[in-house]
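*Asks:* The listed protein sequences derive, respectively, from chains Y and R. What the first sequence shows, in numbering that gives the first Met the number 0, is residues 0 to 304, in sequence order. What the second sequence shows, in numbering that gives the first Met the number 0, is residues 0 to 387, in sequence order.
Honestly, the hints are just simulated from the structure, not real lab data. Possibly wrong hints are sitting among the right ones.
Lysine-lysine pairs mimicking DSBU-like chemistry, simulated, CA-CA at most 35 Å apart [as the list claims (entries may be wrong)]:
#1 Lys-132(Y) to Lys-129(R)
#2 Lys-87(R) to Lys-150(R)
#3 Lys-370(R) to Lys-132(Y)
#4 Lys-150(R) to Lys-135(R)
#5 Lys-309(R) to Lys-382(R)
#6 Lys-129(R) to Lys-370(R)
#7 Lys-87(R) to Lys-309(R)
#8 Lys-176(Y) to Lys-197(Y)
#9 Lys-106(R) to Lys-382(R)
#10 Lys-132(Y) to Lys-377(R)
#11 Lys-218(R) to Lys-291(Y)
#12 Lys-309(R) to Lys-181(R)
#13 Lys-298(Y) to Lys-176(Y)
#14 Lys-135(R) to Lys-69(R)
#15 Lys-132(Y) to Lys-181(R)
Okay, here's what each chain looks like letter by letter:
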Amino acid sequence: MSLQEIVIQQLFNGLLLGSFYGLVALGYSMVYGIIRLLNFAHADIYMVGGFCSLSLLTFFGGTFIGNGWLGIIVSMFITMIIVGLLGVVIERVAYKPLREAPRLSLLISALGVSMILYNSAMVVTSGEYRPYKTGLSYEGFSIGSVFITHTQAILIVAAVILMLILHLFITRTMYGKAMRAISMDRDCCRLMGVNVNKIIALTFFVGTALAASAGMMAGVYYGSLHFYMGFVIGIKAFTAAVIGGIGIIPGAMLGGLMLGLLESFGTQIPFIGSAWKDVFSFIILILILIFKPTGLLGKKESERM
Amino acid sequence: MAKRLWILAFAVVLIASGVFGCSPTPPAGDEEKPDGAEAPQFDGEILVGIMVPVTGSEATYGQDMENAMKIAADEINAAGGILGKELKFTLGDDGCDPQMCTAAASKLVSSEVVAVLGGYCSGATIPALKIYGDAKVPFIITAANSTELIKENPGWAFMINSPGYHQADAAANCFERLDVSKLAFVHQGDGFSENLAELTRDEWLSRGHEVVAYDVVNKGEQDFSSLVTKIRSSGAEGVYWTAYHADGAMLIMQLRQGGYTGEITVADGSSSVQLLEIAGAAGEGVYCTSPPVVDYLPAAQRFISAYNTKHNQEPGPYAGLAYDGTYLLADAIERAGSTDPDAIRDALAATENFETLCATITFTPENVLEKSNFMILKGEGGKWTLIE
């Protein structure tokens with residue numbers, strides 16, 4: 000492979016990885032934006048999404064829908080609804096009662112939810128890796144020695160579409176406007192007659208559904224699921240959200256894509272093993288935060304007392 | 000009143016557990032000889048110690064080994080025993096713990112065993128080497144294979160499982176058979192997989208071939224796409240994965256997804272069938288260097304069915320070697336012509352091309368297998384099949 004081909008190949012690899020990070024980062028960012036909570040359970044929602052879609056896909060595999068693209072789209076749709084509702088339930092049970100409590104209590108509650116989710120998944124799967132069987136093949140396009148499977152290409156497109164829909168939802172609808180307004184001043188919104196509880200629940204629904212879709216895409220792409228699979232990506236996605244400017248929707252997408260690209264090019268630096276790619280990407284991220292502490296798209300915010 | 004009820008309930012539970020839970024299992028001997036009437040007449044007995052963990056985290060493997068040795072002993076006794084004497088066992092539980100191992104070894108020595116079979120955990124086998132050496136008890140180590148054992152051996156222990164460096168050899172042979180010259184190594188940075196990758200790399204270079212990539216992936220990482228690009232751009236014709244099956248399966252899938260078409264071989268940490276289950280179509284044609292597991296050995300089918308009938312389960316990964324060790328000992332005592340420890344040791348050392356299920360046994364001067372017993376498996380139709 001020539002240098003050019005390596006760059007193109009890595010660009011695609013980085014885009015795919017980055018869109019996973021971006022989808023998960025969106026949920027972190029939205030939830031933080033609206034109730035100032037670092038939702039630790041978010042990474043486990045990603046894992047639950049993976050497993051939920053696997054059960055659905057296995058079920059559809061036996062019917063006329065099959066486990067090809069049609070089955071994947073149908074399962075993805077249902078998974079996003081089911082897991083989105085799970086997100087709403089989690090918010091109602093674990094976060095809403097603590098909304099006026101000190102922020103640390105909320106954080107501990109989120110940690111608790113995270114543990115409940117991944118420990119339950121561990122019990123159900125007895126801690127084993129589960130193969131993610133789909134009807135997809137490894138066929139793809141090759142340009143020179145650059146090789147991209149159809150699956151990879153479609154997943155990148157799907158992620159971009161989801162992000163676009165979200166962007167339109169946030170900027171063009173009343174619900175989106177309400178979300179943005181609540182993130183600025185919750186009490187004022189209540190006084191203006193916005194149903195704050197409903198909008199917060201909706202935010203959780205959308206954020207979790209996106210993470211669930213990312214979990215499913217990861218299953219389709221990597222071919223296996225594990226109860227702890229959310230851990231690493233959770234940390235990375237959270238980082239992506241911070242880099243882009245936490246609470247800012249386009250920032251999460253940008254941060255995710257950037258982290259994905261940094262990682263995929265970091266591996267290619269000569270004489271540095273793949274084990275060092277995280278070190279490389281995090282050094283750059285630290286540099287960004289030193290020069291722009293609010294993140295790439297972050298605005299300066301005066302502390303409200 | 001309520002308190003009394005509690006006490007009563009407690010007493011009932013205690014009695015029940017006494018009756019059902021802790022009731023001693025009936026002595027195995029009763030059911031072992033349905034054909035007791037035609038059992039051969041023995042001229043005394045030969046007492047052999049079994050040292051395996053039957054409690055603790057490794058208990059399942061220890062139990063498998065003990066079961067396999069007993070099956071071998073039953074067959075040997077049914078064929079007339081050793082030197083006309085009956086082969087009998089006494090158990091010492093090492094619990095995979097160095098301290099328990101010392102106690103177990105002392106117990107076996109004081110019950111005056113002729114020889115000892117077993118040794119599963121290397122850490123819980125090393126302390127026994129000196130005890131058996133001092134007491135002049137020949138010791139056949141049927142599973143443990145750390146190179147430390149070779150260093151600490153005072154000369155009375157014999158290892159019938161290949162030490163780790165034999166795997167490097169097996170892997171190099173495998174790739175040479177596949178006509179590969181440029182090799183990429185991927186490990187996971189833990190002691191085991193890194194050590195194996197290093198050994199194999201050195202072996203590969205010393206055979207005059209080329210190593211084009213040597214890389215490590217982090218545990219828990221899902222995305223290997225960049226590594227795949229690196230391997231493809233290095234022009235590697237073969238990839239050797241030295242770590243474990245779950246991540247190995249993902250690497251294999253991503254290699255194939257990324258358009259890599261060369262050979263892939265995985266090491267024993269990935270020999271689980273789960274690797275093929277997860278990898279699916281990508282697992283077809285993947286090779287594996289694996290220690291001898293009876294499931295894949297055609298010669299062992301009789302042993303497997305004997306094990307299934309008797310214990311109603313599959314023999315574990317080390318059962319075959321335990322069975323082999325018992326036969327090796329019986330053969331050595333026959334050749335020694337007596338139960339004199341020096342004679343048995345010399346006979347063991349002089350073992351030449353002794354055919355067993357898992358390997359052909361000839362010992363080096365260090366009492367280690369001369370030839371590797373690692374097998375080469377190939378993934379075909381979602382199952383491993385024996386190639387070599």
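*Asks:* State for each hint whether it applies.
*Replies:* Hint by hint, here is what the structure shows:
no. : hint                     : in the structure
1   : Lys-132(Y) to Lys-129(R) : 53 Å, violated
2   : Lys-87(R) to Lys-150(R)  : 31 Å, holds
3   : Lys-370(R) to Lys-132(Y) : 40 Å, violated
4   : Lys-150(R) to Lys-135(R) : 18 Å, holds
5   : Lys-309(R) to Lys-382(R) : 26 Å, holds
6   : Lys-129(R) to Lys-370(R) : 26 Å, holds
7   : Lys-87(R) to Lys-309(R)  : 18 Å, holds
8   : Lys-176(Y) to Lys-197(Y) : 13 Å, holds
9   : Lys-106(R) to Lys-382(R) : 43 Å, violated
10  : Lys-132(Y) to Lys-377(R) : 21 Å, holds
11  : Lys-218(R) to Lys-291(Y) : 32 Å, holds
12  : Lys-309(R) to Lys-181(R) : 48 Å, violated
13  : Lys-298(Y) to Lys-176(Y) : 18 Å, holds
14  : Lys-135(R) to Lys-69(R)  : 24 Å, holds
15  : Lys-132(Y) to Lys-181(R) : 32 Å, holds
Figure legend: structure checked against the earlier numbered hints; hints not met, in rising order: 1, 3, 9 and 12.
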